[in-house]
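**Student:** We have chain A; now place chain B onto it with these hints.
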Amino acid sequence: MARELTYIEAISEGLREEMRRDPTVFLIGEDIGEFGGAFKVTRGFLEEFSAERVIDSVLAEGAIIGAATGAALAGLRPVAEMQFADFISNGFNQIVNISAKYHYRNFVPVPMVVRLPSGGGIRGGPFHSVNPEAWFLHVPGLKIVAPSTPADAKGLLVSAIRDPNPVLYFEHKFLYRHSRGEVAEGLYEVPIGKADVKRTGTDLTIITYHAGVHWALEAASALAEHGIECEVVDLRSLVPLDRETILLSVRKTGRALIVHEANITGGVGAEIAAIIAAGAFEHLDAPVRRLAAPDTPVPYAAPLEEAFLPNVAKVREAAERLLAY
Amino acid sequence: MSKIEVVMPQLGESLTEGTIVKWHKKPGDKIRKDETLLEISTDKVDSEIPSPASGVITKILFDEQKTVAVRTVIAEIETDEASAVVGASAPPPPDVRKDKPSAAEKAPQAPARPAPAAPPAPAPAPGRFYSPLVLSIAREEGISMSELERLPGTGEGGRVSKKDLLAYLDARKHGTVPPVQDTPSASAPAHQASAPRIESALKHVDSGDLVKKYPAPAHEILQMSNILMKMSEHMVRSVQTSPHVQAIHECDMTAVDRIRRKNAAAFEKREGFKLTFMPFICDAVIKALKQYPLVNSSVEGDKIILKRFINLGIAVASENGLIVPVVKNAEEKNFTGLARAVNDLAARTRTRRLVPSEIEGGTFTITNFGVFNTTIGIPIINQPQVAILGTGAIKKRPVVINDAIAIRSVAYLTLSFDHRIVDGALGGSFMNAIVTHLENLPEDLVI
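Note that the protein sequences, when read in sequence, are chains A and B. Counting from 0, one number per residue, gives the positions in the first sequence under numbering that gives the first Met the number 0. Counting from 0, one number per residue, gives the positions in the second sequence under numbering that gives the first Met the number 0.
Extracted from the complex, chain A is given alone in its bound form:
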């Protein structure tokens, strides 16, 4: 039976139900226990699971990541939280040098999850709105997921917790309460490394994730009124990338537009564009284009943030220009 949940409710539910199922799953992060979390994801968890499994940590991301890594090596399944994805930079060394590389060196798995509330559109400013997934795309040994819908959010969280590798789970702050959708009851897994075609079409492929999926779907609806059918590929996982689904779609439509909220240079879109150029060259009827935020920190002032972020109108315009090529 399916009912509608918001994105944030789906994450809470997945976390809670997985903790009920598996006693080795525990949480560590800033303000997650007594306060219930900065965004209230873990409201009620302290009461249900006790302080041993819901740890209010010190304000030190290196310690959070380090402790989680150690716990994972000892056989537990920690789900660490960065209060804002931006703060991962303080735990960068632990993540890239320890969590990511440990298994390569010692063959001991590191089954940890780091939850990272990322993304802008909430007037958070430059230190509370970042999308840093591209930094970690480049680190072998990590998996990265980025759900766009409540159903995917719950299923991917479950898969991430059950995965024996360190998984960075980017949850989009704007989608927390702005994305609603059907979520099945009970525990289920959405496979990591598998994209989802959220809309089929023949004229243009839009490859995206997070908020981009929603912009793309809305732009596609508008374009459909003019007889243009866009295909929207929701990546869902950034590492591993689902190359097969990406290439199949681009070979079908011949035109690819990559959309993401993160800054354009060196973003995930650049990697995807290279994959398409190599794997679908003879099928391209137009150059591969990206729509992303410009290369500046995320502005605080509302009009500036609006100019900075992609949105439905910008996606539509980019799609139209690509179709006109």
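It is worth saying that the hints were derived from the structure and are not from the lab. These numbers come from a predicted model, not from an experiment. A portion of the hints provided could be inaccurate.
As the list claims (entries may be wrong) - If the Cβ cut is set under 8 Å, some of the chain A residues that face chain B in the computed set are: (1) Gly253; (2) Phe280; (3) Glu281; (4) His282; (5) Leu283; (6) Asp284; (7) Ala285; (8) Ala323; (9) Tyr324.
As the list claims (entries may be wrong) - In silico DSS-like links for lysine-lysine, alpha-carbon gap of 30 Å or less: (10) B/Lys172 x A/Lys251; (11) B/Lys273 x B/Lys394; (12) B/Lys202 x A/Lys251; (13) B/Lys162 x A/Lys313; (14) A/Lys197 x B/Lys162; (15) B/Lys162 x A/Lys251.
Note that beta-carbon positions come from the ideal geometry of N, C-alpha and C, so glycine has one too.
**Tutor:** Relative to the frame of chain A, chain B by itself:
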């Protein structure tokens, strides 16, 4: 300093593309005006192209062996002269000169005049970009580059997109192809445009695929030259257009042969080239065409276009392939004039010094397969003409004259004609006129 764009010239009214055979300069080289910049090959002639300006070559945009549409920019020259898009000028017609029998001397040419600035190319523009996908589809469907270049495109800058190409393929399948923009032939004289313009029947096949089916060393795969491809297409099209019927007549060439032998030495001394049978045959053909003008015509739908001029095509086997240079206004020429014209055209055909206008506009063609010892031949009509005369080898044969057997020089002349408008009666009468004329030439004929 200004930039001059050199474009692929249009050497003949019906030509739409040219192949770059050899660049004589590379980027950075200096060039003088009229100095040879490159050599190109079209389906009819090869030509050296002189530079339209003096300066320095800054860009060579296409490699050798690349075929590009006419008016495509192929090179750029940095020059002091005023900037313009200048068509690389075609060489002017050479003077008709005496040729030494053995030498293949190049006639000195008047200095080339630069062509006037080419008008802005109408859509479809030359040198358009074709995406990898469009080229893949074109390759799979056997669409030639020249066909692609004529398609209108709805993409940016008139680009042919996948959608445009698929629409064209669909229309072609259903026989509803709209008339494609083919500016060169739009301005061609009517007698050139009469043959229905059928797209290349030749499907491009990738040699990579063929090698598996026809492996070396038992097989060798050759690429057909442009001239060969055009000949292939023309022959298929001609047979599809004209219902061919033949009338074969025996012709006693003894009288002609006597006149020829009697005048050979003096003729060669005077003209500088050998006296052959061809001028006699041409002369007879012209007289017969004047008597039977319907054989000197072409067909447009339900109309017959009679020509009040005779442009006589003489088929020449050159090392490039079969080429048919044309003696324009042959009806104005006397015997000597015909002899000179035929000799000059044949010589320049073999040295590839023909001008494109010399291989266009024929109204009747003569092909001499007798030189290959063929006794009787069945030639294919040279479209858009309605008849072609083939002459076989002249051989001594026993013939019956006045109920006695005599030894005579005999040739078989074949008229292949288009039975849409030329019937057996006309064909036979026309041939009778030729044969009668040739068999009754007076021995004291002054040539």
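**Student:** Which numbered hints does this structure break?
**Tutor:** Structure breaks no hint.
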